[in-house]
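Chain order of the listed sequences is A and B. Using the working numbering, the letters of the first sequence correspond one by one to residues 1 to 499. Using the working numbering, the letters of the second sequence correspond one by one to residues 1 to 140.
Take the hints with a grain of salt, since some may be wrong.
Unchecked claim - Reference listing, derived: stretches of chain B covered by chain A, where coverage requires no fewer than 3 residues with Cβ under 8 Å from a Cβ of chain A:
no.	region
1	61-72
2	81-89
Claimed, not checked - Capping the alpha-carbon separation at 20 Å, the derived lysine to any residue pairs in SDA-like fashion look like this:
no.	chain 1	residue 1	chain 2	residue 2
3	A	LYS396	A	LEU415
4	A	LYS152	B	PHE136
5	A	LYS152	B	ALA135
6	A	LYS297	A	ALA230
7	A	LYS297	A	ASN356
Honestly, the hints are just simulated from the structure, not real lab data. The model shown is predicted, which means the values in this text are computed figures rather than measured ones. Heads up, the beta-carbon is just placed ideally off N, CA and C, and yes, glycines get one too.
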Amino acid sequence: MSWVLVMPIAVPFATAVVAYLARNYPAGRWISLAGSALSLVVSAVLMVAVLNEGVVAAQMSNWNAPFGITLVADYLSAVMVVITAITGLATAIYALGEIPEETESLGFYALFQVLIAGVTGAFLTGDLFNLYVWFEVMLIASFSLLVIGGGKERLDAGIKYVALNLVSTLVFLSGIGLLYGVTGTLNMADLREAVANAENQGLITVIAMMFMVGFGVKAAVFPLFFWLPASYHTPYFTISAVFAGLLTKVGVYALMRMFTLVFVGDVGFTHEILIWVSLLTMFTGVIGAAAQSDFRKILSFHIISQIGYMTLGLALFTPLALMGGVFYLVHHIIVKANLFFVAGLAKQYAGSTDLNRIGGLYKSAPLLAALFIIPAFSLAGFPPLSGFWAKYLIVKAALEIDAWFIAFVSLLVGLLTIFSMTKIWGMAFWKPHPDGIDPTPDRAPARVTRAMMIPIIGLASMTIVIGFYPEPFVQFARTAAEQLLDPTDYVTTVLGVQP
Amino acid sequence: MNSIIFTAAARLLVALLFVFSLFMLLRGHHLPGGGFIGGLIGAVAFIVYSLAAGPAEARLALRISPEVIAMVGLGIALLAGMFSFFMGDPFFTGQWYWVGGDSYETSVFSINTVLVFDIGVYLVVLGGILSLTYAFEEET
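Using the sequences and the hints given, assemble the complete structure.
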């Protein structure tokens with residue numbers, strides 16, 4: 001059983017090694033692509049195992065929990081691993097079109113695969129210190145990816161990104177140290193019991209807040225989000241798409257895991273704070289987006305605003321809200337990565353991402369316009385696309401507990417999201433090009449546009465499938481939320497498993 | 001750095017440090033030592049050489065670029081972890097073969113995957129540290 005859990009992490013690492021050794025040859029990019037495809041296969045195998053057994057756990061090196069490192073996958077982990085593999089594959093295809101050869105020979109694909117391995121590891125680990133290690137793997141890979149290709153802007157963005165993320169990691173690490181001092185264990189399943197039985201519950205709440213700050217920076221919630229819009233608009237579109245899709249979601253996942261499994265002793269305090277943080281995140285994110293006029297900067301601020309919905313799902317802490325949060329998480333990764341992909345292709349066609357300097361895309365690239373509409377309206381929550389169901393679940397959860405204000409803010413933010421999306425639509429697609437030219441696909445070679453179009457079409461069709469046929473996905477999210485709220489299964493599988 | 005004393009001493013130091021780093025690597029697991037500390041000492045040997053002879057010369061002495069060394073090390077470590085698959089054990093479970101006995105106390109020496117993993121770590125640390133320091137030395 002244990003290998004089912006190891007493979008989604010081991011495959012990207014092995015791909016990274018081989019792709020790095022072949023980085024100066026065209027074979028390197030195909031190795032990366034094949035590795036990503038294989039990752040998707042092994043992730044699907046893990047998903048099947050989880051669907052059959054509920055929770056799957058394995059003890060690395062044969063050291064039993066809570067002493068060794070445990071890998072564990074419940075419904076939430078499994079779906080996050082699969083969606084990571086899907087995003088990874090889409091990005092690997094997109095990179096074929098965008099990444100120039102000089103960047104390839106610097107080891108782009110190796111770094112990218114290490115990033116995917118880090119994200120997958122963070123979703124699968126059942127050990128708090130191991131989670132920290134995966135965060136570091138992610139941070140090192142993402143910092144290199146952010147500045148790869150050079151340029152003053154990228155370095156500037158990279159410094160801000162790495163400085164703030166180091167602070168967050170430091171807070172997280174201090175939290176781990178204190179938690180270990182109080183309870184004497186770092187296995188997450190073991191911590192649940194140990195934290196509940198700890199004498200000094202006040203200290204536990206303080207530690208919980210440290211974790212909230214540490215993960216909050218990673219997830220880019222109010223007021224800790226400012227590194228995100230400062231850095232996401234500079235790297236290659238390939239990279240900003242995978243960052244936008246996956247990196248902040250690791251923070252949200254970690255919040256969801258810790259604040260349902262471990263820190264549930266004082267829900268009235270911690271989750272109440274999280275509600276206000278979420279609402280402010282949603283609102284400031286969407287207002288920030290309204291002030292921008294760059295394709296990627298608008299999208300970056302929207303990441304923040306959407307993160308608020310996910311943490312709101314956690315903060316309301318009812319089965320329906322958590323179910324909405326999980327559903328939102330998956331829907332958002334697909335939609336957001338896709339919007340960044342579209343932005344990259346729009347730049348190929350029109351020559352810029354500054355909305356004041358481009359236009360006329362609707363006339364010259366109608367297919368791209370149609371493919372932008374799908375994720376953009378899904379993001380805004382238009383029925384019947386996937387975002388509608390995600391928002392519907394969250395708002396319904398708020399109404400169910402008579403939280404009128406929360407429901408009102410959610411709907412208002414949805415409305416403002418449409419405003420930004422129509423702004424992009426109007427300025428990039430409908431308005432004539434300011435230079436008086438028709439943006440044509442001829443600017444880029446056909447090979448390039450084809451490689452960039454395939455993942456956009458793939459992810460857009462996933463959005464449509466989830467939108468028109470949400471039932472199995474909602475059912476899945478329901479089970480995931482039930483497992484989060486009642487982790488007995490998780491705990492017994494981790495602590496009772498015989499290697 | 002153009003000091004004759006340092007250049008002359010570096011020749012001796014580099015060899016000594018490097019042998020010591022290998023000693024640390026092989027001593028690991030049962031006694032203090034191991035791949036990480038061994039790799040650090042090995043990197044120090046090359047850093048001393050690069051201070052004495054210049055980074056370009058030190059790169060030549062290394063023969064293979066440090067980034068490749070680090071990635072190969074990662075691959076070796078991964079393979080060492082995967083080996084337990086064939087034995088039906090979970091990932092990274094150490095596989096031991098005792099020569100001349102059946103435990104640490106009674107055997108003469110052992111062949112094991114833990115050492116292979118440590119060699120991988122050694123190479124990752126050596127390559128990682130050197131690619132950092134060479135980059136710093138070359139640009140200033």
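Please flag the earlier hints that this structure goes against, numbers listed from lowest up.
Violated hints: none at all, because every hint is consistent with the structure.
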